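Novice: Could you put the whole structure together from the sequences, leaning on the hints where they help?
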Amino acid sequence: MTCRSVRRGERGYPRLLAEIPDPPGRLWVRGEASLDVLERPAVAIVGARACSGYGRTVARSMATECGTAGAVVVSGMARGIDGEAHRGALAAGGITIAVLGCGIDRDYPAAHAELSRAIVSAGGLVVSEYEPGIEPAPWRFPARNRIIAGLARATVVVEARERSGALITADFALEDGREVLAVPGEITSSLSNGTNALLRLGATPATCAADVLESLGLEQQRVVPSVPNDPAAEQVLVALATGAGTADELSRSTGLGASELAAALALLELAGAVVVDEGMVRSTIAR
Amino acid sequence: MFGRAVTFALVGLEPRRVEVEAHLRSGQQPTFSIVGLADRACQEAKHRVRSGVHSALLPWPDMVITVNLAPAALRKEGTGFDLAIALTLLAASDEVPAKRLAEHACIGELGLDGRIRPVVGTIAAAEGAARAGFSRLLCASDSSQEAALAGIEAVGVRHIAEAVGYLRGEDDIEPASPEQDTLPVDTRLPDLADVRGQERGRRALELAAAGSHNLLLAGPPGTGKTMLGRRLPSILPPLTQDEALEVTRIHSVSGTLRPGSGLLTTPPFRAPHHGASAAAVIGGGTVPRPGEVSLAHRGVLLLDELPEFPRSVLEALRQPLEDGVVSVARVGGRALFPARFRLVATMNLCPCGGRGDPKLECVCTPARIAAYRDKVSRALLDRFDLVVAMPRPRAEELAAGPSEPSGVVRERVVEGAGRLRAAPPRRVTAASELLDRAVDRLPLTGRGRARVARVARTVAALAGSAEVLPEHVAEALSYRSPTGLGER
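Line order of the protein sequences matches chains A and B.
Terminal number for the first sequence in the working numbering: 287, no gaps in between.
Terminal number for the second sequence in the working numbering: 1488, no gaps in between.
Everything labelled a hint here was simulated from the structure, so no lab data went into it.
All values derive from a computational prediction rather than experimental measurement.
Some hints here could point you the wrong way.
Said to hold, decoys possible - Selected chain A positions facing chain B (Cβ under 7 Å, derived; list incomplete): (1) Leu174; (2) Asp176; (3) Ala244; (4) Thr246; (5) Ala247; (6) Ser259.
We put the CB at the ideal spot given by N, CA and C, even for glycine.
Specialist: Here it is, written out as structure tokens:
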């Protein structure tokens, strides 16, 4: 694995990162891409590792739209929301940056080794303030979060419990004077406690990608999923407009049989208009 | 003095001809020894045979007796040789006519009172006898029905004295004939009408029945996954005559056939507990025995709580799932057991079971969920044609009226399965294009593509279509693995 490093004050050290109160003295970088990608308008999309299907869908589709609009997506390569944010950006052919909480030569979690390779080969970068060989440790992750916040002009928290690492990232972003957005969640879910608390404190609600892009000064490239020309599929989309549902619930609200519904769902999934996750069907189109 | 009789030993399901030879000579000390790689149960035949012959009030030759089981290199195990040993001795001491005994194959265990008991694998031994050119088989009267299924004249005897009387020509015994009635359907199976809601799960079950697909049901506890799986046998097409014979043979060898039950006509259902060992599930042992996968041959194997099974068991499942046969290699040779079954497996979405249930909150860490799911390897997951997530049904669904009963579903399944066999629907170009597009857009392996194509054919057959249309492929795609579990 080849990696390089850039010291603070050297050419190529990200300007935004240099502005934070406690910038890392040296930034290790993995990937062939030029360090200029760190100067592009970037948004951090972060959230819980143990996220819900809703959070996963939102993180992915928001990252996809940000990527399409030309924004760089920064996240922490953890499981859950972070991973989905990277994947969403990659799906749009966008550039994404992963900030590690361990040595630059490690892939943590190991299950995301494939993801880190995809990030690098798509023209993105994996960065860390730790030299090769440093083991991941719990106290390194909050420090890592300050780099995530520092690299991005805006930070979006998708799902977070009350004492989540994602809230630490949001705190850093506020300290750095960057914009903080939070995705509203269900008030009954503990996974929304953190994000709803942020909203109460005055964070900008992120209800669609345009909200995020606006804070970066970018225009949204409207990507309308090509909805298949199929009456059953249209019925499903109408039913999904009021919220996610299981296949059986959709079957009841649309009057479609299990077989027709299954066919419609697969077509919608292929078109990217819905995602099916653990039996829940969700529309990817923000209303 | 010399006597000879023929019986059959089993290697796996395969009958092997065994000649029982008895040699009697006078000596100072009467002895009785059995040679020819006889195991313990077989050695104990000495006591059963001696007592049995005494009980039948027949004279016991007080001589030096040597019984050889040939071929001497084949390991003999079990008690099925008793009858042949007793009759050989009686032939050697001229109590029964040797010529008439040579026309028969014999199998059966002896009681101390001379009664003949049925032994496991009688039908397989009878098939061996029929193939070896014997027209008659002497066996326990309790297993004569079973033996007759092999197409041999099965002479059922209750007692060693009855066998002697028959061989001497004093009594005549009518050989058993297999019941020739049409295969009856077991109506006591649990019915699908008991399952409220879960339309998607029911649909997948119907596809699994018609196309012999493997089905994985995933969801929180208490949503009826197991209940649904247990109802698969009630909608399966009935066994054909050949299939019924195959199934009966396996169950006879493993000893799970009730005496007098005759041909097994309903597809078997097996649900081993997750504590079962690999040998119990797959088959094996020093003397190879069929495992649960073979006992479920032509029927259903339900593995409840799939990730709780030991990894070794799950990985060993892959071979029978792919080949439909289990091969057990032993020093004494190799035994092949057929294992073509529909696998139905259930699992939770996470170890605590809260995931997928709106009323519960999952308390599992991502690492625990990953570890739980990793117990089921990609390779095994790839072998499920149908993966369905079963979320918790709302209360109003449970209050809904009764659902379609098994009988109605079964009619459709029988029709669809018949169409698949006779004239499998062919894919139209547009359907192939949709499949290619799916391979491009979705994480679908080559094996996954083939599975979707197979399921699409079943969907078409159930719909009564002669062609696989795009809508059939689309429906099949929605059950692909591992979508139901959520990709991560």
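Novice: A separate judgement is required for each hint: does it hold in the structure or not?
Specialist: Verification of the supplied hints:
no.	hint	result
1	Leu174	27 Å, violated
2	Asp176	28 Å, violated
3	Ala244	11 Å, violated
4	Thr246	4 Å, holds
5	Ala247	4 Å, holds
6	Ser259	6 Å, holds
In the structure shown, a violation is registered for the earlier hints numbered 1, 2, 3, in ascending order.
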